[in-house]
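The opening residue of the sequence shown carries number 1 in my numbering; numbering runs sequentially from there.
Hints were generated in silico from the structure; no laboratory data involved. If you're wondering where the values come from, they're calculated on a predicted model, not measured in any experiment. There is no bait here: all hints are sound.
For each label pair, taking beta carbons as the anchor points, the in silico distance ranges come out as:
| no. | residue 1 | residue 2 | range |
| --- | --- | --- | --- |
| 1 | Glu226 | Ser84 | 45 to 55 angstroms |
| 2 | Ala111 | Glu211 | 32 to 42 angstroms |
| 3 | Leu20 | Arg282 | 26 to 36 angstroms |
| 4 | Gly206 | Glu230 | 22 to 32 angstroms |
| 5 | Pro21 | Val261 | 47 to 57 angstroms |
| 6 | Ala259 | Ala159 | 30 to 40 angstroms |
| 7 | Pro268 | Val43 | 18 to 28 angstroms |
| 8 | Glu211 | Ala89 | 38 to 48 angstroms |
| 9 | Ala16 | Val245 | 28 to 38 angstroms |
| 10 | Ser84 | Ser157 | 38 to 48 angstroms |
| 11 | Val261 | Glu128 | 29 to 39 angstroms |
| 12 | Arg19 | Ser167 | 41 to 51 angstroms |
Straight-line C-alpha distance at most 25 angstroms; calculated DMTMM-like pairs for lysine to aspartate or glutamate:
| no. | residue 1 | residue 2 |
| --- | --- | --- |
| 13 | Lys103 | Glu128 |
| 14 | Lys103 | Glu9 |
| 15 | Lys103 | Glu114 |
| 16 | Lys103 | Asp80 |
| 17 | Lys103 | Glu136 |
| 18 | Lys103 | Asp13 |
| 19 | Lys103 | Asp93 |
For each residue, glycine too, the CB sits at the ideal point set by N, CA and C.
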Amino acid sequence: MGADASGWEFTDDRGAALRLPRRPRRVVAYVRAGAALLDLGVVPVAVYGSGHDGDGLDPVKAGELGATGVPYLGPGRLLDGDPSGALGAVRADLVVDVTYDGKSGYALDEAVAEGLGVPMVALSVGGEVTLARILERFGGLGAGLLGAASAPEAPGSVAEAEMALASAAASGRRPVVLALSGAGPEQVHLARPQAWPELARMVELGVRIVEPGPGAGASWLTADWERAAELRPDVVLVDSRANAVWPEGSEAYPEVWRAVVGGSRVVPWNPETPPSAVAFGRFFREVAAALG
Numbered sequence: 001m002g003a004d005a006s007g008w009e010f011t012d013d014r015g016a017a018l019r020l021p022r023r024p025r026r027v028v029a030y031v032r033a034g035a036a037l038l039d040l041g042v043v044p045v046a047v048y049g050s051g052h053d054g055d056g057l058d059p060v061k062a063g064e065l066g067a068t069g070v071p072y073l074g075p076g077r078l079l080d081g082d083p084s085g086a087l088g089a090v091r092a093d094l095v096v097d098v099t100y101d102g103k104s105g106y107a108l109d110e111a112v113a114e115g116l117g118v119p120m121v122a123l124s125v126g127g128e129v130t131l132a133r134i135l136e137r138f139g140g141l142g143a144g145l146l147g148a149a150s151a152p153e154a155p156g157s158v159a160e161a162e163m164a165l166a167s168a169a170a171s172g173r174r175p176v177v178l179a180l181s182g183a184g185p186e187q188v189h190l191a192r193p194q195a196w197p198e199l200a201r202m203v204e205l206g207v208r209i210v211e212p213g214p215g216a217g218a219s220w221l222t223a224d225w226e227r228a229a230e231l232r233p234d235v236v237l238v239d240s241r242a243n244a245v246w247p248e249g250s251e252a253y254p255e256v257w258r259a260v261v262g263g264s265r266v267v268p269w270n271p272e273t274p275p276s277a278v279a280f281g282r283f284f285r286e287v288a289a290a291l292g
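Please put together the full structure from these sequences, using the hints given.
The following block contains the structure:
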C-alpha cells in the first residue's frame, strides 16, 4: 500500500491488489466503513447501507457521519450501475466495503461498482480476525487515503480503554456479561462471544461474557427470552441498531425484558461498531464503567 510518483496501491483482505494512477479523493463507503474512515480523518463523499438498513441512515451505525452531513444513498443492494443513479451521480473513484467471508463485499455487489468503472476494496471484520488486526487494516487504509505514512493518533487510545476494561473485570466478583439482539417478544438472538472480534477481545481481557449454549447459528443462538433469563447476567450488552426488534406496545415484552435484566446494568452495543480506535475505545470505556 502507498502513494508515490507511480500512483496509489492497496491490497485488500480478499487479496485483491489495486493499483491506481493517483490517490483516490472521492470515496464512497458502506456506512460502517465510512464512519471508521471519518474517525481517521477521511471524509467520504457518500455512504450506503446494508440489507438491514432502510431509506434513512441508522444513527447508531453512522458514528459522526450524520453530524458531518455525509449523504446516505440507501441500501447498497438497491444501488445500480446507472451513471445517472444515486451511486453514479457522486462520481466516486473508490468504494470501500467490508467482508465477512474474505471473498466478497458485504453490502454492495462489486459488479455494480465495476459497471461504473469504480474500483472496490473490502476489509475483513469477521470473527476469524482479531480486533487489533481490524483496526490496523482500517488505520492503514485511512493513512493511505490521506497520503500519510501512518494512521493519525486517536484521542484516548484503545490500549488505554483496554487497560480500564481489564482492571474493571479483575476487581471483586467477576460480573456475568450477556450480549444480545432483540427479535421480538418471543425470540432473542444471544451472541456467541468468539464470533465477534470486540467480544472475543473482551474475553481475552478477563471479561466474563457468557456463551449461550449449543444450537444452530455461528454468530448467534436464537432462543426464547427464558433462556436469556436463565443465564442470569449482571451486565447486558444490547444491540442498539435500528434493525434490532423492540416491539413497543407489546404487553408481553416488558415482562420478558424485566426477567432478563432484573437488576442488571444495560450497555448499548452496536455489533457494527465503526472499526476505529475512537469508536471501540468509547465502547470499551462504557463497558468498563458498567463492570465497575
